[in-house]
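**Student:** What follows is each chain in one-letter form.
Protein chains: 2
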Amino acid sequence: MNILYDERVDGVLPQVDRSALLQALNARLPELEVLHQKEELKPYECDGLSAYRTTPLLVVLPSHLDEVQGVLKLCHEMQVPVVARGAGTGLSGGALPLEKGVLLVMARFNNILHIDPAARTARVQPGVRNLAISQAAAPFGLYYAPDPSSQIACSIGGNVAENAGGVHCLKYGLTVHNLIKVDILTVEGEHLSLGSDALDSPGFDLLALFTGSEGMLGVITEVTVKLLPKPQTAKVLLAAFDSVEKAGRAVGDIIGAGIIPGGLEMMDNLAIRAAEDFIHAGYPVDAEAILLCELDGVEADVHDDCDRVRQVLEKAGATEVRQARDEAERVRFWAGRKNAFPAVGRLSPDYYCMDGTIPRRELPGVLQAIAGLSAEYGLRVANVFHAGDGNMHPLILFDANQPGELDRAEALGGKILELCVKVGGSITGEHGVGREKINQMCAQFNSDELTLFHAVKAAFDPGGLLNPGKNIPTLHRCAEFGALHVHMGQLPFPELERF
Amino acid sequence: MNILYDERVDGVLPQVDRSALLQALNARLPELEVLHQKEELKPYECDGLSAYRTTPLLVVLPSHLDEVQGVLKLCHEMQVPVVARGAGTGLSGGALPLEKGVLLVMARFNNILHIDPAARTARVQPGVRNLAISQAAAPFGLYYAPDPSSQIACSIGGNVAENAGGVHCLKYGLTVHNLIKVDILTVEGEHLSLGSDALDSPGFDLLALFTGSEGMLGVITEVTVKLLPKPQTAKVLLAAFDSVEKAGRAVGDIIGAGIIPGGLEMMDNLAIRAAEDFIHAGYPVDAEAILLCELDGVEADVHDDCDRVRQVLEKAGATEVRQARDEAERVRFWAGRKNAFPAVGRLSPDYYCMDGTIPRRELPGVLQAIAGLSAEYGLRVANVFHAGDGNMHPLILFDANQPGELDRAEALGGKILELCVKVGGSITGEHGVGREKINQMCAQFNSDELTLFHAVKAAFDPGGLLNPGKNIPTLHRCAEFGALHVHMGQLPFPELERF
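These protein sequence lines map, in sequence, to chains W and L.
The working numbering puts the first residue of the first sequence at 2, with every later residue one more than the last.
The working numbering puts the first residue of the second sequence at 2, with every later residue one more than the last.
Incorrect hints may have been included.
Claimed, not checked - A partial selection of chain W residues facing chain L, derived with a Cβ cut-off under 8 Å:
(1) I116
(2) A120
(3) E191
(4) D198
(5) G204
(6) S214
(7) D305
(8) Q324
(9) T358
(10) P360
(11) R362
(12) G425
(13) M442
(14) A459
(15) I473
(16) L476
Stated by the list, open to error - List time: in silico BS3-like cross-link candidates among lysine-lysine, alpha-carbon distance up to 30 Å:
(17) W:K247 - W:K182
(18) L:K39 - W:K227
(19) W:K182 - L:K182
Please keep in mind that the hints were generated in silico from the structure rather than gathered at the bench.
All values derive from a computational prediction rather than experimental measurement.
Quick reminder that beta carbons are idealized off the backbone N, C-alpha and C, glycines included.
Looking at chain W on its own, in the form it has when it is part of the complex (with noise of 0.2 Å):
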């Protein structure tokens, strides 16, 4: 049984024959491939959140757009729901699959259309990987500047569905910031074209409404993104403090001051010791927190900012204040922290990455928060994370094997996200709501807000075919957990959705 999608609180999904299905796919697409054996199926049961499994009805691999639409238009007719996926890094569940839908996998669309230098754009295929748009463009002197840690990995139909972060989105935007065009499906198979590649689009933005959007609204087909100049330097300084308090204050005298940095990453003693014995990044493993703050740009101006920088950190506490020596040195630092989950899973047999953000300014009490509420569960917490975006990574460290201690683990998290969402902040950074956050979104929106939500996703889907499930709980589900979490003052993480 699948006990992911919950027919009870998620809404009833139709009966699905699938032998059927099976057959009129194979009947209108047969050059199409699908996977159907139980054991082909298996290693699509998950995506990068691989707590959560579900086998899905049908796995389609297309390797052409009229493919997609026949899945479409056929899943369309029978009333058959349909889950997209890029490559399954996603952290949120989001393409996790259902039992009673199609899986349909757009790997196969990994072609770069076209780079123009000129007009310092991409066109490219949804399954394209996020690293290798870069890669294409670096002959013309451009990058793609959203650098999800996944990138090597995970591809830019992915990004564009979950408006993927990274290290550089404090000064280079989100995915949403970074996109001209993106053509999609709609669920009956239509295609349509979201934003222009002119400057601006007129009627609705529906092209910043699509982005992370979740798969709910379309599949998508093409992405056009904007290409920028690679800076002509980089330097990285590593400041370490005796506090974690200390750090996040620095963070906000940075930004105060007028400085963007390419990228301002925290990391507290847990991490930083973990990432230092992992890494050899040359780490200070004494002090209570580091700050990495990259700053880019060209060459007179950055050597300018490092000095300020400089400045705003020993103002601000700082023991000490390194600077990469050279590019070795700058890379090294940056090895310790794109390394530093990893490293901190070497520290404990399981763990759990949060995923919240909250406004810059509070930090320093959100990480004292934090620290309070570590020691109240009796579990650690090693703290990671794009603070000048004030997006935290806390990272629980438990032992499933340990009576207890996974659900204190959850209990935890959903204490930390609730502090997130009273000071102001979110649920989710850059990870995405998927299945995994389903339920916190109604702490997040009220009931007048996820109607709307309603309300927009029927615009697209009113069947509610795509994706069903994911991002916006239905209102039953909130009225279920939503009330769990009013009477028991906790966000609920309920036994039947685990694995």
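Using the hints, position chain L against chain W.
**Tutor:** Just chain L, lined up with the frame of chain W:
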């Protein structure tokens, strides 16, 4: 009779009992200022597009948010359309009243509520003038970047409704890129917050959807904008060319060289002469075109960029490149550009200001085509525009007292917009669709796309009471005028719609 809202094609509006509405407003909201005498209504007949005029049913001037809410609730109960209006400086008739609708003037909500220099945000009421935000932020070394030419008068609520641009939006983005939160009242008078104080907000991006929706989705009650640090310095270069095509190509060359100017503006000979006569900016009156290129940032950076831009301009065939020697000359260079519209206005009894956007690479070809059309229609066209964005403002000169000239001007304008769409651009850059371009939307979008717009509109305002007849044409209108467009090979400007 109201000839601007055409019930044949725009949908039948409910019958309104004016005196019952007036009585109900007075009874329920005794403090609310309501204008209902003919002479009181007169000043509200039009916005900045003064060629289109309609007398509103009633004008309300609320001073408190509960009055706005009360008006919306009552109008919803009585099924009366509502048109919200800020400063009324819009150039596409977005705030044009309805004979059967209430005009809701938000001008009295003009308080700056909070400037947060650490978060670099300003929370303001919708009637606050664009420039007033920068003035209030100045003591903190901050400013609000989008700067429409009307910034001294236009209000931020209107900027959000129209997704306003300006000289600096090439580098700093349109209004949508400079917002973090907008509070609205729905058509039913319910309060919603779109966006959040944090970097990103989960669920669909309703903030971006709302921005530029031209009053069709809700009434803005509060806006939280991003503030930017004031650049340390700004320099401007003036380059002269012996052909507009060369100047157009130079624009692409500058962007292609990896430089993002603070502003990159172009004027052709007619505009240059007009501006020089009026402002004495020191422009070379024999040039076929000039470019004004502003570079801003830290001193050293700007210095380097000025050298690079000069090289690019010379290589692109500039006959002269001059850097403003001092701040006074810089201001004078810009004064010529900023007063180009009134300057051109002195050349001719009437002019028609167009607003279209094209991909940058199409600039040389489109400029050539406009010159051809100008000759064909026997009307002079002055070109003044945000070249870096591909946002063109051709000014068509005509004399409405000469029989047929207005028709020719409108037909020529239609041809120019058609050309924009043809090369992959759009029928508006920053002035919006409003009432003016409602028919051209039929050329820009097909019926699937329009149906989707209507479904999105219905998600917010199922009864269609908010600003009906603007921005998104009915399918009936497109069937009527889109057909005309197809049959006659030109965009329709039906006689009945003109004042």
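**Student:** Each hint should be assessed against the structure and marked as holding or not.
**Tutor:** Structure-based check of all given hints:
1. I116: At 12 Å from the nearest chain L Cβ, W:I116 fails the 8 Å test, so the hint is violated.
2. A120: holds, 5 Å
3. E191: holds, 5 Å
4. D198: Check passed: Cβ of W:D198 comes within 4 Å of chain L, closer than 8 Å.
5. G204: holds, 5 Å
6. S214: This interface hint holds because 6 Å falls under the 8 Å limit.
7. D305: Cβ of W:D305 sits 6 Å from chain L, so the hint holds.
8. Q324: Violated: closest Cβ of chain L sits about 18 Å from W:Q324, beyond 8 Å.
9. T358: At 4 Å from the nearest chain L Cβ, W:T358 passes the 8 Å test, so the hint holds.
10. P360: At 5 Å from the nearest chain L Cβ, W:P360 passes the 8 Å test, so the hint holds.
11. R362: Result: holds, 5 Å to nearest chain L Cβ.
12. G425: holds, 4 Å
13. M442: holds, 6 Å
14. A459: holds, 7 Å
15. I473: holds, 6 Å
16. L476: violated, 14 Å
17. W:K247 - W:K182: Status violated; Cα separation ~42 Å.
18. L:K39 - W:K227: violated, 52 Å
19. W:K182 - L:K182: holds, 24 Å
Violated hints, in rising order: 1, 8, 16, 17 and 18; the structure is consistent with all others.
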